[in-house]
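S.K.: Assemble the whole structure, with the sequences as input and the hints as a guide.
Chain by chain, the residues run as shown.
Number of protein chains: 2
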Amino acid sequence: MADSGVGPVETQFFTSDKSFNFSSGGQLPTITLAYETYGKLNEARDNAILVCHALSGHQHAAGTRIDNTQDIGWWDTMIGPARPLDTDKFFVVSTNNLGGCHGSTGPSSINSATNKRFGPDFPKVTIEDWVEAQVLLADHLRIDSFAAVVGGSIGGMQALSWAVRYPLRVRCAVIIAGASRLTTQNIAFNEIARQSIMRDPDFSDGNYYDNRKPPSSGLAVARMLGHVTYLSDDHMQDKFGRERREDTGIFQIESYLRHQGDKFSQSFDANTYLLMTRALDAFDPASAYDGDLVKALSPANAEFLIISFKSDWRFPPARSRELVKALIAARKKANYAELNARGGHDAFLLDDPTYHRIVKGFLQRNA
Amino acid sequence: MADSGVGPVETQFFTSDKSFNFSSGGQLPTITLAYETYGKLNEARDNAILVCHALSGHQHAAGTRIDNTQDIGWWDTMIGPARPLDTDKFFVVSTNNLGGCHGSTGPSSINSATNKRFGPDFPKVTIEDWVEAQVLLADHLRIDSFAAVVGGSIGGMQALSWAVRYPLRVRCAVIIAGASRLTTQNIAFNEIARQSIMRDPDFSDGNYYDNRKPPSSGLAVARMLGHVTYLSDDHMQDKFGRERREDTGIFQIESYLRHQGDKFSQSFDANTYLLMTRALDAFDPASAYDGDLVKALSPANAEFLIISFKSDWRFPPARSRELVKALIAARKKANYAELNARGGHDAFLLDDPTYHRIVKGFLQRNA
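Going down the list, the protein sequences come from chains A and B. For what it's worth, this note's numbering labels the leading residue of the first sequence as 73, then goes sequentially. For what it's worth, this note's numbering labels the leading residue of the second sequence as 73, then goes sequentially.
As the list makes no split between identical chains, a pair holds if one copy fits it or if it spans any two.
Calculated pairs, DMTMM-like style, for lysine to aspartate or glutamate (alpha carbon to alpha carbon, straight line, at most 25 Å):
(1) Lys-397 <-> Glu-315
(2) Lys-382 <-> Asp-310
(3) Lys-196 <-> Glu-315
(4) Lys-285 <-> Asp-193
(5) Lys-112 <-> Glu-204
(6) Lys-335 <-> Asp-143
(7) Lys-311 <-> Glu-394
(8) Lys-397 <-> Asp-306
(9) Lys-311 <-> Asp-362
Just so you know, these hints were derived from the structure itself, not from any lab.
M.R.: In structure tokens form, the structure reads like this:
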């Protein structure tokens, strides 16, 4: 059990006092964001770091839950006193994205207009919508500018979006295992996950909340697939090899995947999974500039740190290097580290000393 | 439309006149193998080449079907007059593997003991069982020794098994995009496919033949996943990029995958898919020698040709090189080609001139 640096934490809720306009054209009269904070906002209100979560993440990034001391945040090794996102110095804010299923307004929330859950009627969300929702929270917390916006995977894309959309509100952007847009293969894997969910008869076109059961089979398979693509071949080989279970004779990796799929499907909403993967697929800031990423990046003002992992084949270093090259061509301040960690895409969650030293040093110098 | 070299072909059926013992301990009183042949067996009966198919393949490897001139064999570009498996010189035999669903005895066949389909009661099959079944066919055709046994992917593993089990009956072994055993990641992808099938409520524990419908949703998702892992990222990028369909607005790759999944699920049996992937996972000739592949290969007598494709990430060149190194350590005649074709694992099916020249040259010289 990791030593939780920030101790027990309670999720807080922010509800907007005005309507929210989605980039897709949808509108909600109000939205709620679930969030946690770690550390203290200083008097100048300029030491805040915003953490953006990945596909299956949520606001509980660090510490334990006040009602469950076993439930340690997903980035606890990164956030805490003397850790890379050093809560002795910084005030860290972590939200559940809009459309999520951990307390922020999403498909499983009650639609006040109908008194039923939104289900498939929830507006299409984009990464830009997530940023806009976080802007409302920042305003509420009276944070004019973030010392840094930090994220891995889709959270890194969100940090990129922040830097481009709000150049005066982001002093540093840390984009880990990210990309400026998905490849065809990335979209393909997301689509297989969606098909697995949508073809589950329990999905009922997204109106499953009153059913006997949700589409947990489809969601479990979707998660197994995601999980395998987030790990490197080497990492899986080291951990499981071709070992079989003594009791059932099946391969250890089979048993592990079934467990991961089932666990996830009990705690995550299928409609949110569809929504989040579609947001991920659609993200492409260069598309508004005829595919010219350099132009798309030109508004940014932040000091960038881009990190990739050589064993990550879902968002490989080549994608990060494309982004770095475009940042340099756009005359931005870009720092880049390509790390050897064997963990695959999920290496961004792991406690690798080199990785942590780089993030910590960058933030101490620049944020 | 490819020019079909061998013209219309009719599938033939061979039924054994004695019982078949599976390596798992199961037994059937008789088995049937569906097969096709192309070219003519010479008087010496020594010009036969055996083709082994991949996971979703079947006996129709070349030519058109006698009742469907649009249905061209899956390896038609490889087999025919003047093609790499030159039917002017060789007599090519292609079977549907035991456990298959294209005419060979498999889970969807009628079990004469119960007068019902085997379903989940079909014995567990191994690659070694496939070889033993083909030995019966070879005996029936009075082919003492094959000029070559040739296969891609799992078919390459089958060719390897032939070479080791029947050293005096295989003069050449051509193993394309193969491996001596699966990695953890390979097994993981197979398991996700199986979970997708088995968690489909229409699967009914494998007893779905009398249901309203088979587990076509689960099988479609399994196929989508397989398909994506058989293609390279670059190949998909070239073919689909991030293009969207004009009518529905979805990405072209999404539309393509749904179509591929649906098409496959209408023509393939889910129980066969489970059986075949398990045979693939279990294959590991070195396991009988304490993991020593060199020892496992020592009985072989064939001249080997190993081919891998740099863009193949499911059975990458590193796996083929392991095999080549072990063959060399075992003092076997090993030829190796690592090709640049961008098609990924499925490059073994494609009409690449360098690839074809190498196979043709090897067979002309050695087979």
